[in-house]
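Trainee: So you can see what is in the structure, the chains are spelled out below.
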Amino acid sequence: MSEALNSELLVVENLTVTLPTTRGPVAVVKDVSFTVGRNETVGIVGESGSGKSMTSLAVMGLLPRGAVTEGSVRLDGVELLGRSDREMRRIRGAQAAMIFQDPLSSLNPYYTVGLQIEEMYRAHRGGSRKEARKVAVEALARVGIPEPERRVGHYPHQFSGGQRQRVMIAMALVCSPALLIADEPTTALDVTVQAQILRLLAELQQSTRTGMVFITHDLAVISSIATRVLVMCQGEQVEYGTAEQIFSAPQHPYTRKLLDSIPRITDALPADEVTT
Amino acid sequence: MARYLAGRIAGLVLILFLVCLFTYLIFFELSPDPAVMICGKTCTPERVAQIRTVLGIDKPFLTQFGDFLGGLFAGRDYGTGANLVHCPAPCLGYSFQTNQSVMQMVVTRLPVTATLAVGAAALWLLAGITAGLLSAVKEGTWWDRAAMNLALGGASIPNYVLALALQYILVVKLQILPFPSSVAFTDDPWLWFQSYLMPWFVLATGAACLYARLTRANVIDTLAENFFRTARSKGLAPVLTMRRHALRPALTPIVTIFGMDFAALLGGALITETVFGLNGIGKMAADSIAKNDQPVIMAVTLLAAFFVVVGNVVVDLVYTALDPRVRIR
Amino acid sequence: MSDVLLSARDLTKRFTVRGVYGRKAEFTAVDGVSFDVGRGETLAVVGESGSGKSTTARMVAKLMEPSAGVLEFEGEDITHAGAAQLARYRADVQVVFQDPFSSLNPRHTVERILMAPLDYQGIAPPGDRRTYTKELMERVGLNPDHSQRYPAQFSGGQAQRIGIARALAVSPKLVICDEAVSALDVSVQAQVIELLLRLQRESGFSYVFIAHDLAVVRRIAHRVAVMSKGKIVEQGPCAQVFDDPVDPYTRTLLAAIPRINPEWDRRRRAATA
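Residue numbers (my numbering), protein chains in the order written: chain A, 36 to 311; chain B, 15 to 343; chain C, 3 to 275.
Please keep in mind that the hints were generated in silico from the structure rather than gathered at the bench.
Honestly, I wouldn't trust all of these hints.
To be verified - From the structure, some residues in chain B lie toward chain A, with a derived Cβ separation under 7 Å: (1) Arg22; (2) Thr58; (3) Arg61; (4) Trp204; (5) Asn240; (6) Thr244; (7) Arg246; (8) Ser247; (9) Lys248; (10) Gly249; (11) Pro263; (12) Pro338; (13) Val340.
All of these numbers come straight from a predicted model, not from anything done at the bench.
We put the CB at the ideal spot given by N, CA and C, even for glycine.
The shape of chain A in the complex, shown without the other chains (with noise of 0.2 Å):
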């Protein structure tokens, strides 16, 4: 069977997540089984609780304390479950980088963002401070950020909030990276950032054959990234397909409800309430 699955990057397999609660073990992600092909974005859409930031940390090795996994979860046919958090250093960032909602917070404000991009670059392909330096600019200018080598000592508050998620891609990618997960990138971005920094991310993705995992709350936003779309409802999948079958037909109830929920541009009032 892995075999067969040998050209997909990333497996999750009847993926389990048990968080230990006050009120005992809750689990938050149940028997979730998705794969991401190379050079392929796979959307996780659903609703806040619905567990599915928990499964991408889950990927990562990122859990909370305490938390308990099963099933299975292979990169590059490699299980990643139950390492050791030593082995799971040397993948994360080198194999699997991850951004997340908030660029802002998710920066250290006390160092340059050429720093904090260096760092990653020399945790794993080491190398002297001046080569960094140099892949960090040539990051930053690959994402788009003007001046880059102006802009490299500069800290992430001198930062707009796109150019800050721009920084986090750069940062993401330095280490070419097989996976990219993308947590909810683009949430706390203003609607015209919002559409450039999806257009980014589409186009690094195929320069860079990176396989993406794109979690979202926003369905327009997955029709517009995801080839695949995972829908996740309070821990559970609930229904798992090609972005065309899941948008065009729906077979889980939820799936239709959260469809029908989302406001359209084109939705106005009923004529009758409008006065023309």
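Once you've looked at the hints, dock chains B and C against the given chain A.
Mentor: What follows is chains B and C alone, placed relative to chain A:
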């Protein structure tokens, strides 16, 4: 930057001036006549008047206060004719009790207090931050609970109780340490060290406990920060992750509190110095208050206020340097 | 819609920002904004972060004094309203905020929360407090038996319904919704939007609806004002602004909205119909 500094220094001078004014006013209005106290039991009114003239306290309040300020900046003369004594600037006057120059007293005693403060601060920073950090990393374990309960207890022990208990146990009962004395480092380094050991420990205990709890809370908050999660997702070495992405953000705010605590300590540790018989600013303050020695009281009050106010400005500048969000906008 | 309820003329808000080392700088958050809100009408004010839409909302709610400009309510100048005039205005104009939990006192029961605006105004509730509370809760779709519960015992959507019920308690003429549905999950958001629409149909009050989500605005508003960098760049009836935008910024904004592949959407709707 220059304008900002100038503004801060102007504010600083104003505050110190007000502190002087109020301290002077309180003693002018409320304290018993120092001349009568100096003169003693067998005293004539003529003698009292003479002493008052020599001390310069026969003049109205504003003149006296003016003389005091003048002495501070330009020096002043006491007495007349053959009895004339010139007190060079910065003149804090002469002790009513010992006739010593107050400035001279401050200069000889400040090193004792400074030694006490520096040693205690080093001790409490080291102990407090280490304990707090360990507690934060091991949050919820028996170590964390034990350390934090101990810290709560430690912060609640009054200094004089701890000082007396230590002295009783270590000096009197076990005789491990000699009785503290104000020996100079150059005379006998080992005795000097032994003498300061207990005072350092006593002064550091309360603050160390407080700093342990503070560090723990800050580090726990930082470990929950998004940027710490980012650092973990980057696969950095644990030491680097902790140092850059937990300690630096968690400890920077502590600088503010430390600056203020340290400045306050430079103004004298009354209880600790008195209990251990160390001749520092704190003991000088305690003695002068007990004997109503106005020039000395003025000096210690002014000194304490000076350290606090200057410490405040220094803390602001250091914080600005440490936090790029404040430094660069 | 000829009857104008609220009218803003050249509303401007300038802030003095104090930089590091005490350098001062002036920043114009809202720059000469003018609009009218008719009775029973919904005016949406949309814009991205920093556009000045929330500052505008705060000035209209009289939570903030404008630096310049005039605000009229029912033909009366309330720009610099005195205490008595302001009290009357507060009875007529209510605000629903973005985060329901932080705008509801966690230590008060729903009944106390809902009666607070009446108590503040010194108005006696129609009927007794308990009955009126239950009536309000029913109107916003909450179980009236829960009137003695605390905010924390409700979900986010339900808490926002409490916020809406509180606004309704004084029978206002204008309700200002400051990103009132932005923090809600889509399925809950859809329900709250329907609730807001139904309440307006029932009671005929006006909304000033502050939002960044244009799709939500399209669903709820009669007219829309698009703000950018403190100015209104375009305003008009929804259909006109959305379908035939004139201003380049409005066009960029509309073009940036992520949409579900229309072909897929059409097929799904055809299948469910």
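Trainee: Work down the list of hints and note, for each, if the structure agrees.
Mentor: Going down the list of hints, with the structure as the test:
| no. | hint | in the structure |
| --- | --- | --- |
| 1 | Arg22 | violated, 24 Å |
| 2 | Thr58 | violated, 71 Å |
| 3 | Arg61 | violated, 68 Å |
| 4 | Trp204 | violated, 42 Å |
| 5 | Asn240 | holds, 4 Å |
| 6 | Thr244 | holds, 5 Å |
| 7 | Arg246 | holds, 6 Å |
| 8 | Ser247 | holds, 4 Å |
| 9 | Lys248 | holds, 4 Å |
| 10 | Gly249 | holds, 4 Å |
| 11 | Pro263 | holds, 6 Å |
| 12 | Pro338 | holds, 4 Å |
| 13 | Val340 | violated, 10 Å |
Violated hints, listed in ascending order, are 1, 2, 3, 4 and 13; each of the other numbered hints is respected by the structure.
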